[in-house]
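With the hints as extra help, turn the sequences into a complete structure.
Be aware that the sequence shown starts at 1, since it is given in the UniProt record's numbering, and climbs by one per residue.
Because the hints were derived from the structure by calculation, they are not lab data. Only a predicted model underlies this, so the values are computations on that prediction, with no experimental measurement involved. The beta carbon of each residue, even a glycine, is placed where N, CA and C say it ideally should be.
Ranges between beta-carbon positions, derived for each pair:
| id | residue 1 | residue 2 | range |
| --- | --- | --- | --- |
| 1 | A97 | A28 | 18 to 28 Å |
| 2 | G70 | P110 | 50 to 60 Å |
| 3 | A109 | G45 | 34 to 44 Å |
| 4 | G63 | G126 | 41 to 51 Å |
| 5 | W158 | V115 | 39 to 49 Å |
| 6 | V53 | A85 | 15 to 25 Å |
| 7 | G45 | D24 | 23 to 33 Å |
| 8 | V59 | W190 | 56 to 66 Å |
Computed cross-link-like contacts, SDA-like style, restricted to lysine to any residue with a CA-CA straight-line distance of at most 20 Å:
| id | residue 1 | residue 2 |
| --- | --- | --- |
| 9 | K107 | S191 |
| 10 | K107 | T120 |
| 11 | K107 | L119 |
| 12 | K107 | A192 |
| 13 | K107 | W190 |
| 14 | K107 | M117 |
| 15 | K107 | L118 |
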Amino acid sequence: MESIILHPGHHGTGRRTTYGFITDDYQALHRFQNFISGICAWIAGTATVTVGVLTVVEVFMRGVLARPLGWNVGFSERYLMVAIAFFGLVTAYRTGAHIAVASLYGKFAPRTRKVLMLLTEVIVAGAFLSLAVAGVDNVAFSVSIDERIPPGMADLPWPSWTWRILVPTAAVLGFVVVAIDIFRELTTSWSAPATDYEPGEE
1 MESIILHPGH HGTGRRTTYG FITDDYQALH RFQNFISGIC AWIAGTATVT VGVLTVVEVF
61 MRGVLARPLG WNVGFSERYL MVAIAFFGLV TAYRTGAHIA VASLYGKFAP RTRKVLMLLT
121 EVIVAGAFLS LAVAGVDNVA FSVSIDERIP PGMADLPWPS WTWRILVPTA AVLGFVVVAI
181 DIFRELTTSW SAPATDYEPG EE
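Structure, rendered in structure tokens:
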């Protein structure tokens with residue numbers, strides 16, 4: 001389902017979709033970005049639902065059967081919460097769901113807004129890239145020492161890299177989405193931001 005969302009100070013021609021935006025320029029790139037955003041949304045959403053289900057099951061196991069799962073806390077902390085935070089971040093960026101105050105941004109001239117948009121995207125891309133590099137190093141170190149939960153613990157005895165790899169995976173996907181926005185800004189007219197999708201009220 002597509003809809004037009006109006007915000008003051010915006011002059012774009014984008015159509016909002018469930019996982020992002022579509023415009024008349026670079027439609028294939030938009031669809032690819034939305035595809036990545038959709039995958040990340042489903043991962044984060046599935047993790048969120050799983051946290052809720054595990055909580056209900058643990059309450060039943062502990063309170064009724066007096067046989068707590070034990071492994072659910074570590075699994076939720078290491079796998080599910082990490083998936084919610086980092087994959088959800090990619091979708092939040094693509095859909096514009098993150099917190100933003102656009103009142104000052106809307107007062108700048110269109111060319112200035114384009115420069116600010118490009119600067120913002122470069123900073124976000126740099127953050128994703130740094131997160132990806134640090135995450136890969138973390139995974140490599142975990143593999144090299146065969147890091148895992150010690151025997152006898154209640155947690156699942158899986159190698160630690162299986163949850164550590166979630167961070168760089170999400171970061172790489174996020175970097176690709178932002179890099180496409182940077183490409184779009186650099187290859188379109190400098191008269192206004194290319195990623196300023198929402199049309200505005202003026």
